[in-house]
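Chains A and B, in that order, give the protein sequences.
Under the working numbering, the first residue of the first sequence is numbered 1, with each subsequent residue one higher.
Under the working numbering, the first residue of the second sequence is numbered 192, with each subsequent residue one higher.
A hint or two may mislead.
[What the hints assert, rightly or not] Heads up, simulated DSBU-like pairs for lysine-lysine below, C-alpha to C-alpha not over 35 Å straight-line:
| no. | chain 1 | residue 1 | chain 2 | residue 2 |
| --- | --- | --- | --- | --- |
| 1 | B | K336 | A | K96 |
| 2 | A | K106 | A | K96 |
| 3 | B | K336 | A | K3 |
| 4 | A | K3 | B | K276 |
| 5 | B | K276 | B | K336 |
Note that these hints are calculated values from the structure, not bench results.
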Amino acid sequence: MPKLTPTAEITLGPFFPTRYVDPGANDLTRRDGCAARGERLELHGRVVQEGGAPMDNLVLEIWQADAQGIFRDPRDPRHGDADPGFAGWGRAATGKDGRYRFTTIKPGAYAMPDGRLRAPHVNVIVLFSGIMRHLQTVLFFEGEPGNEADPVLTAVQPAALRSRLVARREGDGYRFDIALRGDGETPFFDD
Amino acid sequence: MKTMTTVTLYRVDPIDPATQSPRVVPGYRQTALRNPALPLQRRPLTRSELTAPREQAARLAQLGADIAGHGATQAIGQLMHLRLKVVDEDGAPVGGTMVEMWQSNAAGRYTHPNDDDHAPVDPNFYGAARVLTDESGAIEIRTIKPGAYPVPDSGHWWRPPHIHFSVWGKVWLSRLVTQMFFPGEPLNAHDRILYAIPSAAARESLVCRALPTSEGPSNALVFEFQLVVRGCAATPAA
Numbered sequence: 001m002p003k004l005t006p007t008a009e010i011t012l013g014p015f016f017p018t019r020y021v022d023p024g025a026n027d028l029t030r031r032d033g034c035a036a037r038g039e040r041l042e043l044h045g046r047v048v049q050e051g052g053a054p055m056d057n058l059v060l061e062i063w064q065a066d067a068q069g070i071f072r073d074p075r076d077p078r079h080g081d082a083d084p085g086f087a088g089w090g091r092a093a094t095g096k097d098g099r100y101r102f103t104t105i106k107p108g109a110y111a112m113p114d115g116r117l118r119a120p121h122v123n124v125i126v127l128f129s130g131i132m133r134h135l136q137t138v139l140f141f142e143g144e145p146g147n148e149a150d151p152v153l154t155a156v157q158p159a160a161l162r163s164r165l166v167a168r169r170e171g172d173g174y175r176f177d178i179a180l181r182g183d184g185e186t187p188f189f190d191d
Numbered sequence: 192m193k194t195m196t197t198v199t200l201y202r203v204d205p206i207d208p209a210t211q212s213p214r215v216v217p218g219y220r221q222t223a224l225r226n227p228a229l230p231l232q233r234r235p236l237t238r239s240e241l242t243a244p245r246e247q248a249a250r251l252a253q254l255g256a257d258i259a260g261h262g263a264t265q266a267i268g269q270l271m272h273l274r275l276k277v278v279d280e281d282g283a284p285v286g287g288t289m290v291e292m293w294q295s296n297a298a299g300r301y302t303h304p305n306d307d308d309h310a311p312v313d314p315n316f317y318g319a320a321r322v323l324t325d326e327s328g329a330i331e332i333r334t335i336k337p338g339a340y341p342v343p344d345s346g347h348w349w350r351p352p353h354i355h356f357s358v359w360g361k362v363w364l365s366r367l368v369t370q371m372f373f374p375g376e377p378l379n380a381h382d383r384i385l386y387a388i389p390s391a392a393a394r395e396s397l398v399c400r401a402l403p404t405s406e407g408p409s410n411a412l413v414f415e416f417q418l419v420v421r422g423c424a425a426t427p428a429a
């Protein structure tokens, strides 16, 4: 049977219901009444459009492994050992100043089937009015020795852009700013 | 304790750009400020992109699928039942995935602090349903038909009646956010968003199908719509 064509993506628009950014949806550190294991941290930053204007009510979603590098999904061969206190997914919206915040843990590195290592990272989706197809990016952590060999980070060309995907230590966590277009534009992936 | 579960490995193929929006859409001002100017990056797909969150129901409040209200608090507008199905590229149903839906009221006004249109708010209509698909990938939503509305500062561009959807699917790359349109609406052909998609077949697949009035309850129209999320079954890698 021929494959079906995936439905065309269309912008979230300006009126994503405020109820859909549930209180606590940006805190990944509790699940089923258990606390997540690992290094707890705040992931925060600012999202701007071309020209630097901050984005208000833009939606970010993240997906990441637990502190041992395990995804809570049966497609991860180690998922039976996933941290019961960590769900791995979160949603946050920016405020009028363009700022967002997640409370999460530092994900672990994990080995791919071919033996190469994925460095600790967080998958990020950007959804907003005027973004016709949601943008995909990946956040890495400053100071991780595995960054230089990560197959996704090293796929980014030219190499000078890679530092834009590395979150910097700041305060009680890491800062990751996102520029949708223009100065300091964040690298986005097309899969 | 280790658990061993048989799972289907999943593959996500590149997408045909003719079936998707060009990202920067003529006549939609914000698209030229908010979409990347740099070429998009290519990456190898790993476990990280080919797994997905499955516990939205535990993190997000379910709002139910009946949003039209009843009796004295029924929303104003044409009552309709929307039969929705979520499948992957193999046509396999995606059961147990969360669907978020939102729409304007019958006058074209959203219940949202950022909507300052002159059309009236309907106190009996918030306009958002959030519900899990059943094992066959289906849900049925009871709502009212949304109205058209003008886009501010756009030179008389009106959005045709449409309903927004957000679904997850089986892997991180199968996340889908889109809009559904209605058959026979004269504004469809003038919608800058719908007509930015080059492929006529891809546009057509965003239009729901009206079922014969004999198919539904006596007081509501019935429409059918299918969402196809990215991904298909793959044989295990050697």
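Subject >> Unmet hints by their number, sorted upward, for this structure >> reply: none
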